[in-house]
Amino acid sequence: MIGGLFIYNHKGEVLISRVYRDDIGRNAVDAFRVNVIHARQQVRSPVTNIARTSFFHVKRSNIWLAAVTKQNVNAAMVFEFLYKMCDVMTAYFGKISEENIKNNFVLIYELLDEILDFGYPQNSETGALKTFITQQGIKGQTKEEQSQITSQVTGQIGWRREGIKYRRNELFLDVLESVNLLMSPQGQVLSAHVSGRVVMKSYLSGMPECKFGMNDKIVIDKQGKGGASDDAGKSDLGGGSGKQSIAIDDCTFHQCVRLSKFDSERSISFIPPDGEYELMRYRTTKDIILPFRVIPLVREVGRTKLEVKVVIKSNFKPSLLAQKIEVRIPTPLNTSGVQVICMKGKAKYKASENAIVWKIKRMAGMKESQISAEIELLPTNDKKKWARPPISMNFEVPFAPSGLKVRYLKVFESKLNYSDHDVIKWVRYIGRSGIYETRC
Amino acid sequence: MFDLEVLVTTERERSRKRGGLALGDPAASSGLRFKNRRPEVPASGDNKVKICHCFIRKLLCCSVRLNPDATFLSGGGSFKKGKSKEAEIKRINKELANIRSKFKGDKALDGYSKKKYVCKLLFIFLLGHDIDFGHMEAVNLLSSNKYTEKQIGYLFISVLVNSNSDLIRLINNGIKNDLASRNPTFMNLALHCIANVGSREMAEAFASEIPRVLVAGDTMDSVKQSAALCLLRLNRTSPDLVPMGEWTTRVVHLLNDQHLGVVTAATSLITTLAQKNPDDFKTSVSLAVARLSRIVTSASIDLQDYTYYFVAAPWLSVKLLRLLQCYPPPEDAALRSRLTECLETILNKAQEPPKSKKVQHSNAKNAVLFEAIALIIHHDSEPTLLVRACNQLGQFLQHRETNLRYLALESMCTLASSEFSHEAVKTHMETVINALKTERDVSVRQRAVDLLYAMCDRSNAKQIVAEMLSYLETADYSIREEIVLKVAILAEKYAVDYTWYVDTILNLIRIAGDYVSEEVWYRVIQIVINRDDVQGYAAKTVFEALQAPACHENLVKVGGYILGEFGNLIAGDSRSSPLVQFNLLHSKFHLCSVPTRALLLSAYIKFINLFPEVKATIQDVLRSDSQLRNADVELQQRAVEYLRLSCIASTDILATVLEEMPPFPERESSILAKLKKKKGPGKLPDMDDSRRSVNGSTDSTHSFTDVLNLNPAPSSGANLLIDVFSESSAPAAATDVSEENFPRFVCKNNGVIYENQLLQIGLKSEYRQNLGRMYVFYGNKTSTQFLSFSSSVSSSDLNVHSKAVDPVIEGGAQMQQILNIECVSDFSDAPVLNIQFRYGGALQNIAVKLPVMLNKFFQPTEMMSQDFFQRWKQLGAPQQEVQKIFKAKHPMDTEVAKAKILGFGVALLDGVDPNPANFVGAGVVHTKTTQVGCLLRLEPNMQAQTPNGNAAPPATDPSFPFGAGLPGSHLGICSRCRGEQGDGFVGLKGTWPKSHELKVAFDLASFLPPDGRVCERLLLRT
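Sequence lines, in order, name chains U and Y. To convert, take the position in the first sequence, counting from 1, and add 15; that gives the numbering used here. 28 is the number that the numbering used here gives to position 33 of the second sequence; each next residue is one higher, with no gaps.
These are computed hints drawn from the structure, not numbers from a lab. It cannot be assumed that every hint is accurate.
[What the hints assert, rightly or not] Cut-off 30 Å, straight-line C-alpha distance, at most; resulting in silico cross-link-like pairs (DSBU-like, lysine-lysine):
| hint | chain 1 | residue 1 | chain 2 | residue 2 |
| --- | --- | --- | --- | --- |
| 1 | Y | Lys868 | U | Lys117 |
| 2 | Y | Lys798 | U | Lys399 |
| 3 | Y | Lys893 | Y | Lys798 |
| 4 | U | Lys363 | U | Lys382 |
| 5 | U | Lys301 | U | Lys363 |
| 6 | Y | Lys743 | Y | Lys844 |
| 7 | U | Lys324 | U | Lys365 |
| 8 | U | Lys376 | Y | Lys89 |
| 9 | U | Lys180 | U | Lys400 |
| 10 | Y | Lys80 | U | Lys74 |
| 11 | U | Lys26 | Y | Lys583 |
| 12 | Y | Lys85 | U | Lys361 |
| 13 | Y | Lys893 | U | Lys99 |
| 14 | U | Lys324 | U | Lys276 |
| 15 | U | Lys320 | Y | Lys99 |
| 16 | Y | Lys743 | U | Lys363 |
| 17 | Y | Lys352 | Y | Lys277 |
| 18 | Y | Lys583 | U | Lys365 |
| 19 | U | Lys399 | Y | Lys85 |
| 20 | Y | Lys80 | U | Lys110 |
| 21 | U | Lys376 | Y | Lys85 |
| 22 | U | Lys301 | U | Lys237 |
| 23 | U | Lys320 | Y | Lys85 |
| 24 | Y | Lys97 | U | Lys363 |
| 25 | U | Lys440 | U | Lys226 |
| 26 | U | Lys324 | U | Lys237 |
| 27 | U | Lys399 | U | Lys237 |
| 28 | Y | Lys85 | U | Lys110 |
| 29 | Y | Lys844 | U | Lys339 |
| 30 | U | Lys400 | Y | Lys610 |
| 31 | U | Lys359 | Y | Lys85 |
| 32 | Y | Lys535 | Y | Lys583 |
| 33 | U | Lys425 | U | Lys440 |
| 34 | U | Lys145 | U | Lys180 |
[Stated by the list, open to error] Distance ranges between label pairs, derived from CB positions:
| hint | chain 1 | residue 1 | chain 2 | residue 2 | range |
| --- | --- | --- | --- | --- | --- |
| 35 | Y | Lys99 | U | Pro61 | 40 to 48 Å |
| 36 | Y | Leu122 | U | Ser112 | 26 to 34 Å |
| 37 | Y | Lys99 | U | Leu312 | 43 to 51 Å |
| 38 | U | Arg55 | Y | Lys99 | 29 to 37 Å |
| 39 | Y | Leu122 | U | Lys320 | 55 to 63 Å |
Please read all numbers here as calculations on a predicted model, not as lab measurements. Every residue gets a Cβ at the ideal spot worked out from N, C-alpha and C, and that includes glycine.
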């Protein structure tokens, strides 16, 4: 269990220090500072073990959050908690920055008392927390209101309070995916996976019961066996294979989802929290639609010159538009000058990052574009050869590279008089690049 | 703005990392690094910083003024305060790209911008980033005519160019040009660069050049100074490359230079050189004394710049005093009196009231004073000075400055070993004991312990040991073991009555049992067994000590052993009846570890012998399952065997088997050896040794000896200070032939012949007729390997073939070598085994006398009584007989003597001699050329205290066995014995047939027991 939690600024000064258990001493604060924040080499592992004490850290801009424990905890749980805590803090006071933390430190201690008890994570649902941890004084709450809070927080559905009313029942569903790829120069996929999230924003009255359906292979197969193949008319969303169902490797759900029902029927049913939350997270590794293909060509001309040519091809329906495309071509450390020619977009040599950065605002599917660069090198007495780091890419496409599709989201509210048809539903797919690299 | 301090420290760190400035002498290095620095300027530290700052400001100015985008400094400045590490890296990447594009060489850069960019690169490097270009530009800067450009070029090279660079030739060329120029600042820059880099390549290129610069008449003072320090640096890094030549004599005369800076630099150089070859620099002594007396007697105003807080040239004084410590006291009386006068003046000055309250004043004054005291101790010839020094140190003992107390204790330690000042040191005993009790700093307490140990003698031993014991209870854990060893040694050494000794050691075990090593309790048992007067007392004390409810395991061991041996001495008292004793011991049994239990089991079986009445009880204990079926093999075996032994054997057999232990042979206390091993040979003030011989080595070489464990025989005091440097030049000369263990091998063939801290040599040998084979085992006792190991055997009379050995012995490993020996004819000189190897870079030479004596080639022969006496009488001619009458030092034990004679090689003939007490033996010595029969008779005289009258007439003539009888025979030990004790001698009687000259080299030292009362006679006829 988490023994303590510290928040540092970039200099390593402690902003927040909360110790939950006696086995964490005062010196743990310094140990983390000395060994991680001020370490000579940058510490890349998020888990550091110092003197039989484990430190789990995440970094948000210039702020370090570190959870400390002496026990053998579930590391995934700790990180989940840290991320959750970041979300809570963002929900309360916006961006996590040194100044914001300093201004809200009373609030943060209050939150820490609530969401972590003796090192065990508690309710970290923002909506629920906001009912009793407020930034203003609690003004004139009646007895009933207070007892309602108590019953809600201690009750079965801690994430939603009763009596919510909206004039317009509306919900927004975002499927956010990030594609990760490592490709060989010859175009062979070395590793690829998609990690996606389904984020929902719900503005629904009462205590609605929701049911979410997507083209998960197991569900589809089950239904296929049942003979109900109403999905036969395929609607190819991406540009790719036109497959009907996808194989999800693993997924996690928000606490509101009834896991027993998922295990038995594989149906996702839940009473949603109010406002924005993350319904599920998943990962797929098979049949990924790779939105872009990068074809690099690097030629060394003598000791002092390097010629680079990179072609990118978009690989999705021509009607769709990819945005915010950025290709980053690393240059050797002894680069002394760069000339770039590109057909589309803007390209520039950024000396501070040792890379040529090529930016294209928009690009339609099934197109290709090219950049060529001449890099002049300064002869050095260093015998080390240039390691040729991979070319990386950033983009945003309006479809889900995993092929996931939302089939339905049904809302039932028995007590109030609105039905599934009355609810206005919005679905959006966004595919972003994660680590999208091609070796050269 | 910019954080200057950070740059200063990073720069220093970096250079240190590269070994650039890791000189022992900060003044020397800083003197080199910063131009114009006068080594003895007041507030020189501030000066250094000022120059450093000034230089960095300059360095940064150029980057600020000329930077086209004018952001570097602000960007650089913001690295420390600014956003983050990432921002810094981005900034630097950008700047590097900019510099790369400038250096690309489209158009030639002018000197100024070249300097600017090289300077920036250097700065980036100092921030901790790798720089892999710009070296060429830096080298180009060297050929510039502007001082600033040259300076930056040199700086870059000193910091960044590593020795195997391709550019080294260009750099050397640039340096050479500057050295040849007449411009002193350029010469200085070049010299600084050489010293800062200090690599072998540099030394190779310039080692011959620099002495020329140093002694040239027209060289400027500042250049001389730099040249001297540069040479010092090269001499330290690669001494083999610095040639000694005619310049050496001229260097000495630099001590007379007008400029004190030059003198200081030269003194450092000469001190180092003089340690290496003292003879070349002998003349420096008189000059140094003259210079010293001028400084000491000068008024503080005279030296102006070189007066530091009212102390005249303290650094120079210290260095001169150090130089003088390389040499023995000057023989010239005038010079000597002048030096004495100087030292007296220094001591007098210490008594004067301080001229300033500043700590710098007293530090400088005390530095000179301590160095002077070190010199006095080193000379060790002026009793008055020694006593004065001691008194001065005594004052410091109560000073409130901790460092001074520490230094005083440390110096006093060495003073205590001088015969002149030992008494004077003793007067401060109370203060030292007080220091031991009240001092806060553990290192000071440690020194106090050392000093107490050093000042201890018979008169104050009891008090000191008592104090140390009482301190032990509260002592710091880190020094406990050492104190325990010291107490044990002092108690043994100065024990007047051994009851006190036993008490002390038992106390020791009680107080600090965990820190009492095996050696300590072995030793107490050895002593108790060898001295029958304390045995009873020891048994009683141990018995009482064991009655404590909780006692340390070591005490149980001692108790078990002593009660097992001497429990009978206290068994008369009903309070310590046998059964009580046994129950007491057995009550501790279950709390002890396996080795102790094994020892206790042996004690039990001894009890069975001593006290038949407890036999049944003990047998029950042995028979119990916890013993007979113990999981530990050793315990189980002991239990089974002892049980059987007690059941089967008769009382007589039991009595023989379980007889009281024979006395241990006297040898050097193993505790002392351990302490020496722990501290290294030099650090322990050795009280027995005559004063350290003044053989030209100084304290610094002394400490080298400690570190390297160079000394093969730590016990021989004269060798303690072998000069490290002369070792490599004259390898074989320094070693003595070790024959320490030689006598032990007269009657046996296997054992350890030689051992020091590094190496152990064991032998295993077998002989048949005139041939022998010897297995030599070399054991590496260290953890590092011995390199280029070689061995050779030199022998005049024997044919010895040795098989070649592997040149490397790994740490902790053992290697075997086989020697085949053939005895050609009779011989007297034993062969010598010469061993050479390298340990940690130092060449080690060891010579060991191999125990191959003529008696090894004996073949025993049996003969009848009549036969024997017939032959005995035939061999009556003076040349055929050797006879020796000697005093035996302990009771003549029949079995021991028998074993000795058998080990000697002859057959023991029973029932031959009419007197049953006599021993008679016969054997044939086999050589390749001849065989010689040999008869031997040993006649112990059990009653007499004086030499027995029945000896043959020559026996009364002490000169006979050595003079006429045994020319060239190996009787060194015999004669020594005679010379030292004066009252007894060994007679050896033997003859060769065919009127051979008698050359029997029977070493009968083994028959000479170390001390005892009974007179024996040994006759040997051949």
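Comparing the hints with the structure gives:
1. About 115 Å separates the Cα atoms of Lys868(Y) and Lys117(U), which puts this hinted pair outside 30 Å; it is violated.
2. The suggested pairing of Lys798(Y) with Lys399(U) is violated, with an alpha-carbon distance near 49 Å, which exceeds 30 Å.
3. Between Lys893(Y) and Lys798(Y) the alpha-carbon distance is near 36 Å, which puts this suggested pair outside the 30 Å criterion.
4. Our distance criterion of 30 Å between C-alpha atoms is met by Lys363(U) and Lys382(U), whose separation comes to about 22 Å.
5. Taking the CA atoms of Lys301(U) and Lys363(U), the gap is near 36 Å; set against the 30 Å cutoff, the hint is violated.
6. Taking the CA atoms of Lys743(Y) and Lys844(Y), the gap is near 15 Å; set against the 30 Å cutoff, the hint holds.
7. Between the alpha carbons of Lys324(U) and Lys365(U) the distance comes to roughly 17 Å, so the proposed pair stays at or under 30 Å and holds.
8. Annotation: proposed proximity of Lys376(U) to Lys89(Y) holds, straight-line Cα distance about 26 Å (limit 30 Å).
9. Between the alpha carbons of Lys180(U) and Lys400(U) the distance comes to roughly 66 Å, so the proposed pair goes past 30 Å and is violated.
10. The hinted pair formed by Lys80(Y) and Lys74(U) meets the criterion: a straight-line CA distance of about 14 Å does not exceed 30 Å.
11. Taking the CA atoms of Lys26(U) and Lys583(Y), the gap is about 60 Å. The hint is violated against a cut of 30 Å.
12. For the hint linking Lys85(Y) to Lys361(U), the alpha-carbon distance of about 21 Å falls within 30 Å, and the restraint holds.
13. Pair hint Lys893(Y) plus Lys99(U) does not hold up; C-alpha atoms about 92 Å apart against a cutoff of 30 Å.
14. For a cut-off of 30 Å, the pair hint linking Lys324(U) to Lys276(U) is broken: about 54 Å separates their Cα positions.
15. At most 30 Å may separate the alpha-carbon atoms for a hinted pair to count; Lys320(U) and Lys99(Y) meet this at roughly 12 Å.
16. Taking the CA atoms of Lys743(Y) and Lys363(U), the gap is near 90 Å; set against the 30 Å cutoff, the hint is violated.
17. Among the hinted pairs, Lys352(Y) with Lys277(Y) is inconsistent with the structure: their alpha-carbon atoms are about 40 Å apart, more than 30 Å.
18. Under the criterion of a C-alpha separation no larger than 30 Å, the hint pairing Lys583(Y) with Lys365(U) is inconsistent with the structure, at around 80 Å.
19. Between Lys399(U) and Lys85(Y) the alpha-carbon distance is near 22 Å, which keeps this suggested pair within the 30 Å criterion.
20. With a C-alpha separation of about 21 Å, the suggested pair Lys80(Y) and Lys110(U) falls inside the 30 Å cut-off, and the hint holds.
21. Note on Lys376(U) and Lys85(Y): the hinted pairing holds, with a Cα-Cα distance of about 25 Å set against a maximum of 30 Å.
22. Using a Cα cut-off of 30 Å, the hinted pair Lys301(U) and Lys237(U) holds, with the two alpha carbons roughly 20 Å apart.
23. Proposed proximity of Lys320(U) and Lys85(Y) is supported: the alpha carbons are some 24 Å apart, at most 30 Å.
24. At roughly 19 Å between alpha-carbon atoms, Lys97(Y) and Lys363(U) fall within 30 Å of each other, so this suggested pair holds.
25. Pair hint Lys440(U) plus Lys226(U) holds up; C-alpha atoms about 13 Å apart against a cutoff of 30 Å.
26. In summary, the hint linking Lys324(U) to Lys237(U) is not supported, as the alpha carbons are separated by about 49 Å, beyond the 30 Å threshold.
27. Using a Cα cut-off of 30 Å, the hinted pair Lys399(U) and Lys237(U) is violated, with the two alpha carbons roughly 58 Å apart.
28. Taken as a hint, the Lys85(Y) and Lys110(U) pair is honoured in the structure, with Cα atoms around 24 Å apart against an allowance of 30 Å.
29. Note on Lys844(Y) and Lys339(U): the hinted pairing is violated, with a Cα-Cα distance of about 89 Å set against a maximum of 30 Å.
30. Taking the CA atoms of Lys400(U) and Lys610(Y), the gap is near 85 Å; set against the 30 Å cutoff, the hint is violated.
31. Restraint check for Lys359(U) and Lys85(Y): satisfied, since their Cα atoms lie roughly 27 Å apart, inside the 30 Å limit.
32. Between Lys535(Y) and Lys583(Y) the alpha-carbon distance is near 17 Å, which keeps this suggested pair within the 30 Å criterion.
33. For the hint pairing Lys425(U) with Lys440(U), the CA-to-CA distance comes to about 10 Å; that is within 30 Å, so the pair holds.
34. Under the criterion of a C-alpha separation no larger than 30 Å, the hint pairing Lys145(U) with Lys180(U) is consistent with the structure, at around 18 Å.
35. Checked against the hint of 40 to 48 Å, the C-beta distance between Lys99(Y) and Pro61(U) comes to roughly 41 Å, which is consistent with it.
36. Leu122(Y) and Ser112(U) have their C-beta atoms about 27 Å apart, which keeps the hinted 26 to 34 Å range intact.
37. For the pair Lys99(Y) and Leu312(U), the beta carbons lie near 24 Å from each other, so the given range of 43 to 51 Å is not met.
38. The given range of 29 to 37 Å is respected by Arg55(U) and Lys99(Y), whose C-beta atoms sit roughly 32 Å from each other.
39. Under the hint 55 to 63 Å, the C-beta atoms of Leu122(Y) and Lys320(U), about 30 Å apart, miss the expected range.
Hint compliance for this structure: hints 1, 2, 3, 5, 9, 11, 13, 14, 16, 17, 18, 26, 27, 29, 30, 37 and 39 are not met, and every other hint is.
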